[in-house]
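Each chain, written out:
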Amino acid sequence: MMNGKIITIKNLKKNFGRNKVLKGIDFELNAGEKVVVLGPSGSGKSTFLRSINRLEEPSAGEIYFHDTLVTDKNVRAVREKVGMVFQHFNLISNLTVMENLTLAPVKLKLMDEDAAEKKARGLLRHIGLLEKAEAFPASLSGGQKQRVAIIRALMMEPEVMLFDEPTSALDPESIGDVLALIREVADNGMTIMIVTHEMGFAKEIASRVAFIDNGRIIEEGKPDELFVRPKTPRVKEFLDKVL
Amino acid sequence: MNDFFGKLVELFTTPEYIDSLLHGFLLTLEISFFAIIVAFILGTIISLIETARPSKWMVVPKFICRVYVAVIRGTPMALQLFIMFFIIFAIRDFPELVTAVLAFGFNSAAYTSEIIRGGILSVDVGQTEAGLALGLKRGTIFWRIVVPQAVKNIIPALGNEIITVFKETAIVSMVGMYDLNMAAKDIGSGQNMASYIVPMFTAALFYLATVYIITFFVRRIEKRLRKSDVRS
Chain P
1 MMNGKIITIK NLKKNFGRNK VLKGIDFELN AGEKVVVLGP SGSGKSTFLR SINRLEEPSA
61 GEIYFHDTLV TDKNVRAVRE KVGMVFQHFN LISNLTVMEN LTLAPVKLKL MDEDAAEKKA
121 RGLLRHIGLL EKAEAFPASL SGGQKQRVAI IRALMMEPEV MLFDEPTSAL DPESIGDVLA
181 LIREVADNGM TIMIVTHEMG FAKEIASRVA FIDNGRIIEE GKPDELFVRP KTPRVKEFLD
241 KVL
Chain X
1 MNDFFGKLVE LFTTPEYIDS LLHGFLLTLE ISFFAIIVAF ILGTIISLIE TARPSKWMVV
61 PKFICRVYVA VIRGTPMALQ LFIMFFIIFA IRDFPELVTA VLAFGFNSAA YTSEIIRGGI
121 LSVDVGQTEA GLALGLKRGT IFWRIVVPQA VKNIIPALGN EIITVFKETA IVSMVGMYDL
181 NMAAKDIGSG QNMASYIVPM FTAALFYLAT VYIITFFVRR IEKRLRKSDV RS
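Taken in sequence, the protein lines are chains P and X.
Take 1 as the starting number for the first sequence in this note's numbering and just add one per residue.
Take 1 as the starting number for the second sequence in this note's numbering and just add one per residue.
In case anyone wonders, no lab produced these hints; they're calculated from the structure.
Computed from a predicted model, the values in this text were never measured in an experiment.
There's no promise every hint is true.
Stated by the list, open to error - Taking lysine-lysine and the DSBU-like style, the derived pairs with C-alpha atoms no more than 30 Å apart in a straight line are: (1) K81/P x K109/P; (2) K132/P x K185/X; (3) K20/P x K56/X; (4) K56/X x K23/P; (5) K137/X x K109/P; (6) K62/X x K118/P; (7) K222/P x K5/P; (8) K203/P x K236/P; (9) K132/P x K81/P; (10) K118/P x K56/X; (11) K137/X x K73/P; (12) K10/P x K62/X; (13) K132/P x K109/P; (14) K137/X x K107/P; (15) K227/X x K107/P; (16) K20/P x K241/P; (17) K109/P x K223/X; (18) K81/P x K62/X; (19) K20/P x K231/P; (20) K5/P x K137/X; (21) K132/P x K223/X; (22) K119/P x K227/X; (23) K227/X x K132/P; (24) K73/P x K7/X; (25) K137/X x K13/P; (26) K119/P x K137/X; (27) K73/P x K56/X; (28) K13/P x K56/X.
Given only the sequences and the hints, what does the whole structure look like? Please build it.
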């Protein structure tokens, strides 16, 4: 586990045409932190998260991974180290569960095929889905898909994991399973950034909360401060509604 | 009715007629087969250019492809065939078969490129994003993830296009080529059987049977490719 700052973001801006979604975000993520990103819908939370590994090309600003400026040239190396879990799982539909898990680590020569399969089997057994190894994603339930997506990210042994509303597309029953797995990943020391609407989970897991509104981080702090004594009226108003 | 059966017997017992029909059918198959290959290769190239990410190197190729597709789709096939025969390849002793293959191949390439482009664009962008987020190269993502999924979406429309080309080749009779359609007309004409019914219906059956066979194989391929969709 590396110490210190993993990600540093300076004055990040993102426009979609004339629509300014991110209006200048400064942010640091340190090793071991669990940062929950909150905010109303349309505030730019997802765009913020997706800009970190350049799934969204920033319109302005800089993103550093450790001390290296992330550019078009080195972005793939950064993505290897930054795991991502999507709202809609995005398992590769023409590949089996096993192939989903092993494709990237083998292609990127992080491990050979045997090692990758062994690791994948271990992770699948751990989440109770070993018998689904040769199944295609279409035959899995939403909760199963998302748990496979999480271990797919873990296969890469990332330094950080980004979760973009990982439970928003799930039925209530499988939300618990997915949150339990995320909690376990967090407890094992993974550095995490998560956009979520599960407030109970956010409170429980967060070491820090960042509240985004209208393209800016308007408040940041420890969960027991931000949830209990929000400093800005906008955060208070939001929390009154959702808690 | 008696006359119909009489003509039927006459057609199938006169070696010259059978010979004409089979020669015509063979030419129809030859033109279709090679035209479809030309269409597939050229159509794939066009669709790859059109779906490539925008960059300064792609501006001109993309523009050329757009114009090409617009011109081909915006003018009649029969006119394109005339232009190929009487203008572009109006060279003495230039093989007719090549001219016809290129005419139909160039025409179908425009449609094929749109089918392939549609297939590529129909793949959920989340599939590409998942590959990107894992650090995979764009090439790996394209060939391992996007193409296999696009092919599945493309096959039915591509089968349709193959059938269309196969039947549309019948217009080569307009430039005097002796295909299946022309053979039927020739056999039925005054110098020969002096009745169109039997040869034309026979030709129709040849077309129908071939289309049926094409459909059968396309369905089989489709079924095989759908195995990852099974929810069991």
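Hint-by-hint comparison with the structure:
no., hint, result
1, K81/P x K109/P, "holds (14 Å)"
2, K132/P x K185/X, "violated (61 Å)"
3, K20/P x K56/X, "holds (26 Å)"
4, K56/X x K23/P, "holds (29 Å)"
5, K137/X x K109/P, "holds (13 Å)"
6, K62/X x K118/P, "violated (46 Å)"
7, K222/P x K5/P, "holds (18 Å)"
8, K203/P x K236/P, "holds (15 Å)"
9, K132/P x K81/P, "holds (26 Å)"
10, K118/P x K56/X, "violated (45 Å)"
11, K137/X x K73/P, "holds (12 Å)"
12, K10/P x K62/X, "violated (37 Å)"
13, K132/P x K109/P, "holds (25 Å)"
14, K137/X x K107/P, "holds (9 Å)"
15, K227/X x K107/P, "holds (24 Å)"
16, K20/P x K241/P, "holds (26 Å)"
17, K109/P x K223/X, "violated (34 Å)"
18, K81/P x K62/X, "violated (35 Å)"
19, K20/P x K231/P, "holds (25 Å)"
20, K5/P x K137/X, "holds (27 Å)"
21, K132/P x K223/X, "holds (22 Å)"
22, K119/P x K227/X, "holds (26 Å)"
23, K227/X x K132/P, "holds (15 Å)"
24, K73/P x K7/X, "violated (75 Å)"
25, K137/X x K13/P, "holds (26 Å)"
26, K119/P x K137/X, "holds (23 Å)"
27, K73/P x K56/X, "holds (18 Å)"
28, K13/P x K56/X, "holds (25 Å)"
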